[in-house]
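A.B. asks: Build the full structure now, drawing on both the sequences and the hints.
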Amino acid sequence: MPRYYFNLSNKRCVTDPYGTVLLDKNAAMSHALVVARELMFNSAGMLGQRWAAWTMLVKDKDGKNVLTLPFSEVPEGMTRH
Amino acid sequence: MVQKQSNGHLQNRLLAALPPKAFSLFEPGLRASTFKQGAIVQEAGEPVDQIYFPQTGMISLLVVTQEGVGIEAASIGREGAVGLHRGLGKRRSFTRAVIQVSGTISHISADVFERAVGQSDTIKDIITHYTEVLWVEAQQIAACNAVHSAEARFARWLLQVQDRVDSDTLPLTQEFLSQMLGIRRTTVTLVARALQEAGLIRYRRGQIVILDRAGLKEAACECYQIIQHETLPQIIGVNLASP
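Chains B and F supply the protein sequences, listed in that same order. For the first sequence, the numbering used here gives the first residue as -1, with consecutive numbering after it. For the second sequence, the numbering used here gives the first residue as -5, with consecutive numbering after it.
There's no promise every hint is true.
Distance ranges between label pairs, derived from CB positions [as the list claims (entries may be wrong)]:
(1) Cys11(B) x Ala137(F): 27 to 37 Å
(2) Asn40(B) x Val106(F): 43 to 53 Å
(3) Arg1(B) x Pro165(F): 43 to 53 Å
(4) Gly83(F) x Leu21(B): 48 to 58 Å
(5) Ser28(B) x Ala137(F): 26 to 36 Å
(6) Thr163(F) x Asp58(B): 27 to 37 Å
(7) Gly43(B) x Arg199(F): 36 to 46 Å
(8) Pro41(F) x Ala51(B): 48 to 58 Å
(9) Lys118(F) x Arg48(B): 50 to 60 Å
No lab work stands behind these hints: they were computed from the structure. Predicted, not measured: the structure shown is a model, and the values here were computed from it. Even for Gly, the Cβ is constructed at its ideal location relative to N, Cα and C.
C.D. replies: What follows is the structure, encoded as C-alpha cells:
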C-alpha cells in the first residue's frame, strides 16, 4: 500500500515527514478530511493564520501532488469523527 | 522491572509529606524499582494489589473503551500515587495504569499498606484528599478533551509531562501522543511541526524538547494552570501536605 504525506501550505509550510500508509487515493482523501477536522476543531488557525488561508497538500513518496484540500472547503460544523 | 538497592522513597512528594510516624508504619514494605515506558502496572477491572509512588517518570491512567482505545484521564508523577484509595479496602481498578515515561517507582503490597492505614488517621486523610484532587483533575480533563483544540491540548499535555519528569527533553512517541490525545498520528505530527515552526519545541520521532515554556503556556488551554498539582489542592481547599 502506498504512503501518503499530509503537508500544510500557506505563507509558511508545515510538513509531515513521516507519512501514513493507506489503501489508495480515496482513503487518503478521507484521512485528509479527518485530520483537517481534528486540526480545525475549536481552533481559529495555525501560526497566526486563519484556517481559511491554509491548504492541505497530499503527496506520494515521489513528492508528487496527489490531492489538494483547501481548508476553506472543509464543511463547517463537522468536528471530531 | 528492576529492583534497586538505594530506596529514595522520599523523592515522592506524597511520601515526603507524611509525618515520620505515619510513614514508618509501612516504610519497611516499600520497594523501589525501575519501570520501562509502556509497561502496564495496573489493568482495568483487576484487583488493585500494589500501590505505586513515582520517584521519577510518569504514569498515565487510561479509560479503556470497548474498541480497546485508551484515553488519558489523569497523569501521575512524583507528586502523587496510583492505587492509593486501595488503602481503605479491597478495590478493583477502574483505569489502566501505564508507564508513560520510564522511571523509578516506590511500590508496596496493597495488603501491607492497608494494615498501616488502619492504624493511622493521618494516612486516611491524605488518601481522601488526594482522591479529591484526582477527581477534580479527571473532570477538568474530560471537559478539556471535549472542547479544546488539538493544539491547546497538546501544549497542555507537554507542560504536564515536563512538570512531572522535571526535564526539558520528553521521550514521547507519536503513537503514544496520538493515543493520549485521541487524535490521528498525522494530526499529532502537524501540530508538533507547527509548534516547532513557532520555536516552542523541537520535535523528532520519539522525542520532544521544550524550548520555550512560556510560549507553550500561551498555546495551552487554561486547563494546564487548573490541574497543576501544586495549586489544585488549594483551589479545592484540601490540605495534602503538612511537611
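A.B. asks: Hints first: check each against the structure and report whether it holds.
C.D. replies: Status of each hint after checking the structure:
no.	hint	in the structure
1	Cys11(B) x Ala137(F): 27 to 37 Å	holds, 33 Å
2	Asn40(B) x Val106(F): 43 to 53 Å	holds, 47 Å
3	Arg1(B) x Pro165(F): 43 to 53 Å	violated, 25 Å
4	Gly83(F) x Leu21(B): 48 to 58 Å	holds, 51 Å
5	Ser28(B) x Ala137(F): 26 to 36 Å	holds, 29 Å
6	Thr163(F) x Asp58(B): 27 to 37 Å	holds, 34 Å
7	Gly43(B) x Arg199(F): 36 to 46 Å	violated, 26 Å
8	Pro41(F) x Ala51(B): 48 to 58 Å	holds, 54 Å
9	Lys118(F) x Arg48(B): 50 to 60 Å	holds, 54 Å
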